[in-house]
Amino acid sequence: MDQIVEFITNNWMLAAAWTVLFSMLMMSFATSASNVIGNQQITTMMNRENATILDIRSKADFDKGHLLGAINIPAAQLKDAEKKLEKFNQSPIILVDANGLHASAAAQQLKKMDLQQISRMQGGIASWTNDNLPLNKQ
Numbered sequence: 000m001d002q003i004v005e006f007i008t009n010n011w012m013l014a015a016a017w018t019v020l021f022s023m024l025m026m027s028f029a030t031s032a033s034n035v036i037g038n039q040q041i042t043t044m045m046n047r048e049n050a051t052i053l054d055i056r057s058k059a060d061f062d063k064g065h066l067l068g069a070i071n072i073p074a075a076q077l078k079d080a081e082k083k084l085e086k087f088n089q090s091p092i093i094l095v096d097a098n099g100l101h102a103s104a105a106a107q108q109l110k111k112m113d114l115q116q117i118s119r120m121q122g123g124i125a126s127w128t129n130d131n132l133p134l135n136k137q
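Numbering that gives the first Met the number 0 numbers the first residue of the sequence shown as 0 and each following residue consecutively.
Some hints could be false.
20 Å max Cα-Cα, derived EDC-like pairs, lysine to aspartate or glutamate [claimed, not checked]:
1) K111 - D60
2) K58 - E81
3) K86 - D62
4) K136 - D62
5) K111 - E85
6) K63 - D130
7) K82 - D130
8) K86 - D113
9) K110 - D130
10) K136 - D113
11) K111 - D130
12) K83 - D130
13) K136 - D79
14) K78 - D130
15) K63 - E81
16) K110 - E85
Since the hints were made in silico from the structure, they are not lab data. All figures in this text were calculated on a predicted structure; none of them were measured in a lab.
The whole structure should be built from the sequences, with the hints applied where relevant.
Now the structure itself:
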């Protein structure tokens, strides 16, 4: 314990930086607009909870393959699609992107539209294909 106190005393700037970073990370988790779910849970939600799959990739990527029943609204067009999305307010919405990196910003946009039950696909469509799960190409 004495060594920890001595380390912090000698390296107070480093300790302060780590404390700030840790606090920011915790705030990020606490204010997250959605939760991240895996492929198995997505399948369950599609089958049992009538979840809406919202694919935010480009139309070209969507046409290459998407989850069955998915709706394509590219991320850049989400603000313009507020009226279209209102009808999904009572059902869970699962956001799908290419690799799981862009759905967080889209989830925040949907929260601003008062859509409540929003989840993000962990790893995006890349994770789905890596697990050899089927894609619809129609």
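Results of checking the hints against the structure:
1. K111 - D60: Violated, at about 26 Å.
2. K58 - E81: It holds: about 18 Å lies between the C-alpha atoms, which stays within 20 Å.
3. K86 - D62: violated, 24 Å
4. K136 - D62: holds, 6 Å
5. K111 - E85: holds, 12 Å
6. K63 - D130: holds, 17 Å
7. K82 - D130: violated, 34 Å
8. K86 - D113: holds, 12 Å
9. K110 - D130: violated, 29 Å
10. K136 - D113: violated, 31 Å
11. K111 - D130: Violated, at about 33 Å.
12. K83 - D130: violated, 31 Å
13. K136 - D79: The hint is violated at about 25 Å.
14. K78 - D130: Cα-Cα ~32 Å, so violated.
15. K63 - E81: violated, 25 Å
16. K110 - E85: holds, 12 Å
Against the hints set out earlier in the document, violations occur for numbers 1, 3, 7, 9, 10, 11, 12, 13, 14, 15.
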